[in-house]
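Colleague: Sequence:
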Amino acid sequence: MASVKVFLEGEQDTVDLGRRLAQIISPPLTVNLSGELGAGKTTLSRGLIQALGHHGTVKSPTYAIVEPYELENIDLFHFDLYRLSDPEELEYMGIRDYFTDKSVCIVEWPDRGHGLMPIADISITMKYVGTGRDVEITSGTPQGQALLSKFK
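For the sequence shown, the working numbering begins at 31 and goes up steadily by one.
Certain hints may be false.
Said to hold, decoys possible - No farther apart than 16 Å at their CA atoms in a straight line, the calculated lysine to aspartate or glutamate pairs in the EDC-like style are these: (1) K132 x D43; (2) K89 x E100; (3) K35 x D164; (4) K132 x D164; (5) K157 x D43; (6) K35 x D46; (7) K35 x E119.
Honestly, the hints are just simulated from the structure, not real lab data.
Remember, predicted model here, so these are calculated numbers, not experimental data.
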């Protein structure tokens, strides 16, 4: 599997990384975002979602678990599984229905849905380094590998 490493100085770099990813992604795609609280997962998601055409705020779906965005030719679903107490809760909300040929699914805290989430095409791990972030983007599928080969 392919991987790319990036260092982000601050919030604007994090938004810009989301914008860069938006230029090369297409459905169906699953993106996992991992990192400590406050590492920038939602900020990166905001850059990606707005670059794909959403005009408005992008809030963390921590309480709702999923925030849908209907964009041109893409059904985008932003998940935050942080408050999930049991992965089985995902079955009750019909989790499989979100992952379609027309969807891009961004999943924060994917480890909380262990066993019920599909394999991510790309996984992004964000780690604190001083006031910046080390980011590693890895592919988990052939589609993810093709996507990373386009990443500059």
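Colleague: Decide, hint by hint, whether the structure agrees.
Modeller: The hints, checked one at a time:
1. K132 x D43: 28 Å, violated
2. K89 x E100: 15 Å, holds
3. K35 x D164: 7 Å, holds
4. K132 x D164: 31 Å, violated
5. K157 x D43: 14 Å, holds
6. K35 x D46: Given that 16 Å is the threshold and the Cα spacing comes to 15 Å, the pair holds.
7. K35 x E119: 33 Å, violated
In this structure, the earlier hints numbered 1, 4 and 7 are contradicted, and the remaining ones agree with it.
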